[in-house]
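Undergrad: For reference, the chains in residue letters:
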Amino acid sequence: MECHERTMTNTLTFQSKPSEHEAEKASNSYVMSLVALMAGLPLPIINLIATLAFYIANKKGTYFVRWHCTQALFSQLSLLFINSFGFWWTISIFITQKDTINNNYISYILVVILFNLIEFIATIYSAIQTRKGIHVRWWFYGDIADLICKP
Amino acid sequence: MKNIILRGILLIISFVFVWFIFSQINWTSILKVDKATEKTEEKLGELFWNVIKSNETVNKNPFVIQSVDSIVTRITTENKINKNKLQVHIIESNEINAFALPNGHIIILTGLINASENPEELSGIISHEIAHLELNHVMKKLIKEFGLTAIISISSGNTGAEIIKEMTKLISSSAFDRSMEKEADLKAVEYLVNANINPESFADFLYKLSDKENKYSKYTTWISTHPESKKRATYIINEVDNKVIKSIPILSPNTWNRLKEETQIKIN
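Chains as they are written, first to last, in my numbering: chain A, 1 to 151; chain B, 152 to 419.
The shape of chain A in the complex, shown without the other chains (with noise of 0.2 Å):
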């Protein structure tokens, strides 16, 4: 059986198609983040610890699962310094009162939102196109977790 993976600009041949169990534990790695994410806004820690969650008891799974687990991880792990940033920012302005708002906090804040929901938006294709058994990889995620997981 053949697996495709599909880049942001390829689609490329995999060996072997990952299993009905497989595909759905993967996809759960993007669900993972993406609920936890809706769950935990504002506070942006929490969709990491979602994520990090499900990784670690997916550390021992199958080469498949553990890589979209890795992908989904360090996808959320960047997110975190931004919206942390974007986070601490908010409060010396509204509680601490040490900034006013300026064109530069409000390009910042657009500019999470923006990456946030490009996130977003590659997280649910994603956890569509993995549940199906087709190997989603992310430009420089993908790179990542094929470091981070061998087979």
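You may find that some hints are simply not true.
Derived, one-sided and incomplete: chain A residues facing chain B with beta-carbon distance under 8 Å [what the hints assert, rightly or not]:
#1 GLU20
#2 ILE82
#3 ILE101
#4 ASN103
#5 ASN104
#6 ILE106
#7 SER107
#8 TYR108
#9 LEU110
#10 VAL111
#11 PHE115
#12 LEU117
#13 TRP139
#14 PHE140
Straight-line distance between alpha carbons at most 30 Å, and here's what the computed DSSO-like set of lysine-lysine pairs gives [as the list claims (entries may be wrong)]:
#15 B:LYS183 x B:LYS411
#16 A:LYS150 x B:LYS320
#17 A:LYS59 x B:LYS153
#18 B:LYS190 x B:LYS153
#19 B:LYS153 x A:LYS60
#20 B:LYS333 x B:LYS316
#21 B:LYS234 x B:LYS411
#22 B:LYS333 x B:LYS320
#23 B:LYS234 x B:LYS153
No lab work stands behind these hints, which were simulated from the structure alone.
Just so it is clear, CB atoms sit at the ideal spot from N, CA and C, and this is done for glycine as well.
Got chain A; can you put chain B on it based on the hints?
TA: Chain B in isolation, oriented as in the chain A frame:
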């Protein structure tokens, strides 16, 4: 591995680049942030000033107003501050105090004019209050003391007169935090130097009033709301040491003496 690092850097660069592009758009104007803030400030200033106006005696002596105005004009002109944004009011009171209210109101009590030994000392305090306004400390303090929700509610007219009265009392008699005071002091020094007024008089005034034994000790509200005056006088002097000061008299001795006479209040 090299490829991954390169892609990671590219991702960070793209984030910063998009942020930079976004920051070129004037969001505060598009989202009317400035206008909303201005309106709130305007309304608050009006509310607080109305309370003071109806509870205190406003000095309407043209000579007093004109003399103080000439000090304010020198400071604002030499520092490129829009004077029209400021509204200076003189209140009859023994208290040695001056404070700033939102929307550019500066309240100077006659006790302060009377306790100043020369126009330069008075200029120091006025500069300090202008600095609080220019650095947006007044609104920051209000939000810190009462919270953003309360401020918006007050400015939209949903608060009783008694509460506004209490708030006015608090804002006129409570201190800014230490960092804001220092920032306003240093800004005041900058304003004074630019206006060719020797800031040493400002330091002298702080030092003099911080002395508990002085004859004004009963009335020094400004000092009680501005703690650590000796320390402040010291860092003002240190700041002045690094600057070249050209001192041009701000009021003639006659004008100053008359101003003091006109604002004379018998100290018990």
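Undergrad: For each hint, tell me whether it holds in the structure or not.
TA: Evaluated hints:
1. GLU20: Interface hint status for GLU20 of chain A: violated (32 Å vs cutoff 8 Å).
2. ILE82: Holds: closest Cβ of chain B sits about 7 Å from ILE82 of chain A, inside 8 Å.
3. ILE101: holds, 5 Å
4. ASN103: holds, 5 Å
5. ASN104: holds, 5 Å
6. ILE106: holds, 4 Å
7. SER107: Hint on SER107 of chain A: holds, closest Cβ of chain B at ~4 Å, below 8 Å.
8. TYR108: holds, 6 Å
9. LEU110: Hint on LEU110 of chain A: holds, closest Cβ of chain B at ~5 Å, below 8 Å.
10. VAL111: Holds. Min distance 5 Å.
11. PHE115: Result: holds, 7 Å to nearest chain B Cβ.
12. LEU117: violated, 12 Å
13. TRP139: holds, 7 Å
14. PHE140: holds, 4 Å
15. B:LYS183 x B:LYS411: At roughly 45 Å apart (the allowed maximum being 30 Å), LYS411 of chain B and LYS183 of chain B break the hint.
16. A:LYS150 x B:LYS320: Judged against 30 Å, a Cα distance of about 70 Å means the pair is violated.
17. A:LYS59 x B:LYS153: Holds: LYS59 of chain A and LYS153 of chain B sit about 26 Å apart, inside 30 Å.
18. B:LYS190 x B:LYS153: Measuring from Cα to Cα gives roughly 54 Å; hence the hint is violated.
19. B:LYS153 x A:LYS60: Within the cut-off at roughly 28 Å; holds.
20. B:LYS333 x B:LYS316: holds, 28 Å
21. B:LYS234 x B:LYS411: Roughly 24 Å separates the two Cα atoms, so the pair holds.
22. B:LYS333 x B:LYS320: The hint holds at about 23 Å.
23. B:LYS234 x B:LYS153: violated, 59 Å
The structure fails to meet hints 1, 12, 15, 16, 18 and 23 from the earlier list, while all remaining hints are met.
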